[in-house]
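Residue numbers (the numbering used here), protein chains in the order written: chain A, 1 to 267; chain B, 1 to 299.
Derived by calculation from the structure, the hints in this document are not laboratory data. There may be inaccurate statements among the hints.
The calculated label-pair distances, taken between Cβ atoms and stated as ranges, are [what the hints assert, rightly or not]:
no.: 1; chain 1: A; residue 1: T131; chain 2: B; residue 2: S290; range: 37 to 45 Å
no.: 2; chain 1: B; residue 1: L273; chain 2: A; residue 2: A189; range: 33 to 41 Å
no.: 3; chain 1: A; residue 1: E215; chain 2: B; residue 2: G12; range: 32 to 40 Å
no.: 4; chain 1: A; residue 1: L27; chain 2: B; residue 2: T13; range: 47 to 55 Å
no.: 5; chain 1: B; residue 1: L116; chain 2: A; residue 2: N239; range: 35 to 43 Å
no.: 6; chain 1: A; residue 1: Y184; chain 2: B; residue 2: G15; range: 31 to 39 Å
Predicted, not measured: the structure shown is a model, and the values here were computed from it. Every residue gets a Cβ at the ideal spot worked out from N, C-alpha and C, and that includes glycine.
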Amino acid sequence: MKGEEVYRLEGVSFSYGEVPALRDVDLRIGAGDNIVVVGANGTGKSTFLKILDGLYQPSEGTVSFYGRRLNGSADSKAFRERVGLVFQEPDVQLFCPTVFEELCFGPLQLGLEEDEVRARVEDVLSMLGLTSLRDRAPYSLSAGEKKKVAIASVLTQNPDVLLLDEPTTGLDPRTQVWLMGLLYEFKRAGKTCVVATHDLGLAEDVADRVMVLDESHRIVADGRPVDILYDKELLLGANLIHEHVHRHGKMVHAHSHGPNALHDEHG
Amino acid sequence: MAQVRLPEWMNGTKGPARTTGLMRPRRGFLEKNIEGVSFLVREMVAPRVRSPHKGLLQSIDQRARVGGTLLLVLSGAFMKEIGPLAGLLVLTLVLALLSSVSFSALFKRVLPALVLAAVVAVPLFFDLIGGQASDGGTAGVEVLGYRVVFTVERLGTAGLLMTRVAAMVTPVAVLLLSTRESDLFKGLQGLPVPSFFVTALFMTFRYVFVLLKVVEDTSLSRRARTIDPSRLGDAQRWFASRAGLLVERSLRSSREVAMAMSSRGFTGRIRTLKPNGLKARDYLWIGFVSFVFFISIGL
């Protein structure tokens, strides 16, 4: 149901040995939310998504899913049916001999009947325009095709919550537009989406809510896209945009660089 | 914005080069070996990614094809004489011909195995103990201070070994050249082997090539920054450090793959789609290779 609390994170921290990846994260995610988590490389975005997918247990703090604390129950069928993660690197996600089998893998593990699995896979292949690739080996595909297949392999599970890690990385402009269209459709279908990216353009196009992870591995801002994506100081501090200085004859011209660049400084 | 200042030695350019063309970096001992091993692995074991030409084997179900090849290999293991082994080899070559498999590609895949077999066979001709050959051979000829003795028995043993290797490796090479990789693993899934083993085999196979690509790229990047081949000791030290990196990357990949599987509902037991039924021609093929297998036991 729209607005119902799906996730609640309280004081969540995670570290790889001595190296911190995420610190003191407190947040709530409601059903149907479209959240984009932005942050520079190495700020903990992928770790954050893996915690939401129950793959990592926080070093400190708690994560609840529909009011129940996530621990070993993350492997339960009920959780896996509802949450799907698209990894940043499609090569680790695509491990079956053919695209068709790759798309069958998730629903089969969740115990769906074969007929239903085949029907779902045919629908998803057709929806994403992948029918011609059905018998190809996933590793022999181009980067854009691999990404599409990785997304398709999660969609056949029909998750209520879709987690996407850097979905636009390595995609050509046409596939990026296709991805935005897909995210709009999810939104219309009432799904919850959490996208981790450093692509501010994507955040502006698809998000209802933007969160910023900075280099201290903390969430330093959480709000409406219009409030976050035009806050130049915030974005500069989080290393999401940079200042650029160039010369027009004797005049030095400085402005920020990024999708929401402001040409407001001249010297 | 922070200004970047180039050090003094980086200012200016070197001007036009006086050479007539690009210098081709020379490959050292290590680079040659890495490239050679990588080429050999690809040539010997990599099946086709795309659809091969149409032919006899391609018209048979993958499970029957893989099972039939296994029976041909076992037939080669059971035969005791050169004649039947040569017959099996000819039969396999006819299958290759009917399946539009290129003989040159087939030869490239079988050759490394024959070379290895020859390495085992050649010492049969050396009389290392000295004196009169125990099997009554001639005095032989001197090679590098050792006596090389030719007898019918020694030639027969070496010939049997070489023919057996050729007869057992060729069916596998024909299978790899006539079958897409995806079909090969589908065929294995059809055999009475737990699906977990087939999936583990496929993943090992797939990620070996991913890691092989990393090794090749590392070697190329080193060559791109090298003019003279480095000394063997330096090359060995460099290779040891890269091997460490490779282990680290393979561990990281395996962790990520395990997580990707868990994320999609895998809990330790792999469920796969049930395969379609076999057709009359598949049963005919299985009957034929079973016949070859059973008569091979007595030959």
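Against the structure, the hints come out as follows:
The supplied range of 37 to 45 Å is met by T131 (chain A) and S290 (chain B), whose beta-carbon atoms lie about 38 Å from each other. Between L273 (chain B) and A189 (chain A) the Cβ separation comes to about 27 Å, which falls outside the hinted range of 33 to 41 Å. For the pair E215 (chain A) and G12 (chain B), the beta carbons lie near 37 Å from each other, so the given range of 32 to 40 Å is met. Checking the proposed 47 to 55 Å range against L27 (chain A) and T13 (chain B) shows it holds: the Cβ atoms sit about 53 Å from each other.
A C-beta distance of roughly 55 Å is found between L116 (chain B) and N239 (chain A), which places it outside the suggested range of 35 to 43 Å. About 55 Å separates the C-beta atoms of Y184 (chain A) and G15 (chain B), a value inconsistent with the hinted range of 31 to 39 Å.
The structure fails to meet hints 2, 5, 6 from the earlier list, while all remaining hints are met.
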